[in-house]
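**Student:** Keeping their order, the protein sequence lines are chains A and L.
The numbering of the first sequence is my numbering, which starts it at 1 and goes up by one.
The numbering of the second sequence is my numbering, which starts it at 1 and goes up by one.
Since the hints were made in silico from the structure, they are not lab data.
Computed from a prediction, not measured in an experiment: that's the story for all the values here.
Any given hint might turn out to be false.
Subject to a maximum C-alpha distance of 30 Å in a straight line, what follows is the list of computed BS3-like cross-link-like pairs (lysine-lysine) [said to hold, decoys possible]:
#1 18(A) x 56(L)
#2 40(A) x 19(A)
#3 67(L) x 18(A)
#4 42(L) x 56(L)
#5 101(L) x 41(A)
#6 67(L) x 22(A)
#7 41(A) x 56(L)
#8 67(L) x 19(A)
#9 52(A) x 67(L)
#10 22(A) x 101(L)
#11 22(A) x 56(L)
#12 19(A) x 56(L)
#13 56(L) x 52(A)
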Amino acid sequence: ETGVTQTPRHLVMGMTNKKSLKCEQHLGHNAMYWYKQSAKKPLELMFVYNFKEQTENNSVPSRFSPECPNSSHLFLHLHTLQPEDSALYLCASSATGQYQETQYFGPGTRLLVL
Amino acid sequence: QKEVEQNSGPLSVPEGAIASLNCTYSDRVSQSFFWYRQYSGKSPELIMSIYSNGDKEDGRFTAQLNKASQYVSLLIRDSQPSDSATYLCAVKSRGGTSYGKLTFGQGTILTVHP
Numbered sequence: 001e002t003g004v005t006q007t008p009r010h011l012v013m014g015m016t017n018k019k020s021l022k023c024e025q026h027l028g029h030n031a032m033y034w035y036k037q038s039a040k041k042p043l044e045l046m047f048v049y050n051f052k053e054q055t056e057n058n059s060v061p062s063r064f065s066p067e068c069p070n071s072s073h074l075f076l077h078l079h080t081l082q083p084e085d086s087a088l089y090l091c092a093s094s095a096t097g098q099y100q101e102t103q104y105f106g107p108g109t110r111l112l113v114l
Numbered sequence: 001q002k003e004v005e006q007n008s009g010p011l012s013v014p015e016g017a018i019a020s021l022n023c024t025y026s027d028r029v030s031q032s033f034f035w036y037r038q039y040s041g042k043s044p045e046l047i048m049s050i051y052s053n054g055d056k057e058d059g060r061f062t063a064q065l066n067k068a069s070q071y072v073s074l075l076i077r078d079s080q081p082s083d084s085a086t087y088l089c090a091v092k093s094r095g096g097t098s099y100g101k102l103t104f105g106q107g108t109i110l111t112v113h114p
């Protein structure tokens, strides 16, 4: 498989559930990102990992918990979410996280919180 | 003031015409500029990146950057119905470290009608 993959592609969960989103990149990159895309709002950066270290947390509520065990994998653990957290969650990667680099996006996980 | 502003559209152009998409940004130290295309229900895919003032051409696409005016645009020549999508402008600032934060505009919806 090539590029950036995400699983699951669709997820429906209740507010009391715990679930995890998975991202894997096959590009040999060292920086990975989580973004949230809500209807009629710009893409919002959530977290950045460079060489497995978190370098950005964009004031994200603690009910979202990222994990980056290695440079190829990124997880987003979800618990006690709210209906307003329903959105498309996108993972991206870039070579080293430098400012001039292109970020490549995965297909996204469409999340619905009931 | 929004960090990255785009006219949300929709912008409607006839097939074969030139589509002009515009973007302004507020951070004067922004260094890297990207245009992504996002089809409905899909993830963003990179079309062009530009770092220096002037024009950059790639096939039917031309990106134009004017750092003094804090303005970046995308021209699509010979527009095709398959170009119908949301076009996202993204700006990356170097900030105080080597790592930059990518900030997206809201996106412009482009419709190319036969």
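**Student:** Broken hints, numbered, in rising order?
**Tutor:** 1, 3, 6, 8, 9, 11, 12 and 13
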